[in-house]
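*Asks:* Residues per chain are reported as follows:
There are 2 protein chains.
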Amino acid sequence: MTQQLRRERDRAERERRIVAAARELAEAEGWDAVTTRRLAAKIEYSQPVLYSHFSGKGAIMAAAAVEGCAELAERLGAAAFDPSPLAAVAEAYVAFADANPALYDAIFTLATELPFATAEAPPALKNAFGAIAAAVAPVAGGDGVGILAETFWAALHGLVTLDRGRRLSPGYRAERLAILVARFGDGVPGPAD
Amino acid sequence: MTQQLRRERDRAERERRIVAAARELAEAEGWDAVTTRRLAAKIEYSQPVLYSHFSGKGAIMAAAAVEGCAELAERLGAAAFDPSPLAAVAEAYVAFADANPALYDAIFTLATELPFATAEAPPALKNAFGAIAAAVAPVAGGDGVGILAETFWAALHGLVTLDRGRRLSPGYRAERLAILVARFGDGVPGPAD
DNA sequence: CAGTAATTTCTAGCGTCGCTAGGATTGCTA
DNA sequence: TAGCAATCCTAGCGACGCTAGAAATTACTG
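So the sequences go chain by chain: A and B. Each position in the first sequence, counted from 1, maps to that position plus 8 in our numbering. Each position in the second sequence, counted from 1, maps to that position plus 8 in our numbering.
Just to be clear, a hint being listed does not mean it is correct.
The list treats identical chains as interchangeable, and a pair is accepted whether it falls inside one copy or across any two copies.
Within a straight-line C-alpha distance of at most 20 Å, the following computed SDA-like cross-link-like pairs (lysine to any residue) qualify [stated by the list, open to error]: (1) 134 <-> 172; (2) 50 <-> 131; (3) 65 <-> 21; (4) 134 <-> 179; (5) 50 <-> 83; (6) 50 <-> 182; (7) 65 <-> 41; (8) 134 <-> 180; (9) 50 <-> 99; (10) 65 <-> 39.
Just so you know, the hints here were simulated from the structure itself, not pulled from any lab data.
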C-alpha cells in the first residue's frame with residue numbers, strides 16, 4: 009500500500025526532474041540542444057523512460073510551457089496592482105521574456121500542441137491573460153477589454169520576438185516599450201486619481 | 009565563351025528552381041517537410057547539388073526569405089500611398105502574412121542567419137521597413153519615426169504570429185487590427201510642438 | 001578525331017535525431 | 001521460494017543534414 013504510494017511519488021518526482029532538465033538545457037543551449045538522449049542522460053535513466061511519462065518531446069516542451077505560464081501569470085498578476093498597471097505589466101512581460109528566453113519560446117512559438125484560446129487552455133495561461141486584461145481595462149474606452157488585451161499582448165509579443173531575433177535596432181528597447189504603452193493609453197500623466 | 013555564359017545561366021536557373029521548390033514545399037506542407045532529399049527530388053538532381061549552390065538548408069531558407077522581403081516590400085510600398093496609410097499598410101501586412109504563412113515564418117521566425125537591423129540587411133527588407141516608416145510618419149507626434157515604425161511593425165508581427173498559432177480568440181482579427189491602428193493613429197493628437 | 005584534363009554529378013555513408021520493439025531485471029505476491 | 005507483473009535497458013528503425021570519393025560528363029588539346 010504505502011509502497012504503492014511511494015512508487016507513485018517517485019514517478020511524479022522523476023517527471024518533475026525531466027521537465028526541469030529540459031528547461032535547464034533549453035535555457036543554457038537552446039531547444040535544439042534538448043534531445044531525448046541528453047535528457048535521459050541528465051536524469052540518469054535510459055531514453056525510453058521519457059516515453060513512459062510523456063508522449064514525446066513535444067509533450068515535454070508543452071509541460072515546460074505550462075510551468076512557464078504559471079510563472080508568467082504570477083509576475084503579471086503582481087504588476088497589475090501597480091499604480092500604472094499598463095506600464096508595469098508591459099515591463100514585467102518583457103522582463104520575463106528576457107530572463108527566460110527559451111521558456112518564452114516554448115510557450116508562444118513552439119509547443120503547438122498547447123491549447124490556448126479554447127476551453128481546454130491551461131488555467132495558468134488564463135490567469136496570465138486575466139492580468140493583462142485587468143491592466144488594459146482602465147484604458148479600454150469603447151473597445152472590448154478582451155480584444156484590447158489580446159491586441160496589447162500581441163504587441164508586447166511582437167516586440168519581444170523581433171527584438172530577440174535581432175530584427176530591431178539595438179539599444180532602443182525601452183523607447184519602443186514606452187511608445188507602445190503611451191499609445192495604448194497609460195504612461196501619459198493624466199487619468200491618475 | 010558563350011558556352012561559359014550558358015553554363016552560368018543554367019546554374020542560376022537551377023538555383024532559382026531550388027528556392028522555388030523550397031517555397032512551394034514549405035507553403036504546402038510547412039518547413040519541416042522541406043528536407044534536402046525532397047528538394048533534390050523536386051529539382052530532379054541529387055542531394056549534394058544543393059550544396060554547390062547554398063551552404064546548407066538554412067541558406068536556402070534565407071534565400072526564400074529575401075525573396076519574400078521583396079514581395080512584402082512591394083505590397084507595403086503600394087499601401088503607403090493610401091489616404092489612410094496606417095490602416096492600409098496594416099491590412100497589407102496581415103494580408104501578406106495570411107497569403108504566405110510559410111514565407112512569412114521564413115523571414116521573421118526562422119532564418120536566423122538573415123541580417124536585419126544592420127548595414128548588411130537586404131535592400132528589400134529596408135524597403136519594406138521604409139514603407140512602414142512612411143505610413144507612421146504622419147502620426148509620429150513627438151516620437152522618432154524609426155522607433156515608432158519598429159514598434160508598430162512589432163505589434164503587427166505579434167498579431168500575425170499569435171493569431172496563426174491559435175493563441176488569440178478566433179473571429180476577431182479585424183477588430184484587433186482596428187484597435188491597433190486606432191491607438192497608433194487617431195488615439196494621439198497631431199504633431200507635438 | 002582521339003586522348004587527356006577539368007569539371008560536374010552521383011553513389012554511398014557518417015553521425016544524430018525522435019521513437020519503439022523485445023528481452024532482461026527487478027520487486028511484489030503467495 | 002516459485003511465479004508473476006511491472007519496470008527498465010539494449011538495440012535498432014527510418015529519416016535528418018551533410019560530405020567524401022568515385023563515376024560520368026564536358027572542355028580543351030595534339
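*Asks:* With reference to the structure, classify each hint as holding or not holding.
*Replies:* Verification of the supplied hints:
In this assembly of identical chains, residue 134 and residue 172 lie within 20 Å of each other by CA distance solely across copies; the values are 19 Å between and 25 Å within a copy. Within a single copy, residue 50 and residue 131 get their C-alpha atoms no closer than 30 Å, and across copies no closer than 45 Å, so neither meets the 20 Å cut-off. Only within a single protomer do residue 65 and residue 21 lie at most 20 Å apart by alpha-carbon distance; the minimum there is 18 Å, versus 40 Å between protomers. In this homomeric assembly, residue 134 and residue 179 come within 20 Å of each other (Cα to Cα) only across copies, at 19 Å, whereas the closest approach inside a single copy is 32 Å.
Taking CA atoms no more than 20 Å apart as the test, residue 50 paired with residue 83 passes in neither setting, with 29 Å inside one copy and 49 Å between copies. Taking the shortest alpha-carbon separations for residue 50 and residue 182, neither the intra-copy value of 38 Å nor the inter-copy value of 47 Å comes in at or below 20 Å. In this assembly of identical chains, the alpha carbons of residue 65 and residue 41 lie at most 20 Å apart whether taken from the same copy (12 Å) or from different copies (18 Å). For the identical chains of this complex, residue 134 and residue 180 are inter-copy neighbours only, at 18 Å across copies versus 31 Å inside a copy, given an alpha-carbon limit of 20 Å.
Within a single copy, residue 50 and residue 99 get their C-alpha atoms no closer than 34 Å, and across copies no closer than 48 Å, so neither meets the 20 Å cut-off. Both within a single protomer and between protomers do residue 65 and residue 39 lie at most 20 Å apart by alpha-carbon distance, with minima of 11 Å and 19 Å respectively.
The structure does not agree with the numbered hints 2, 5, 6, 9 stated previously, though it agrees with the rest.
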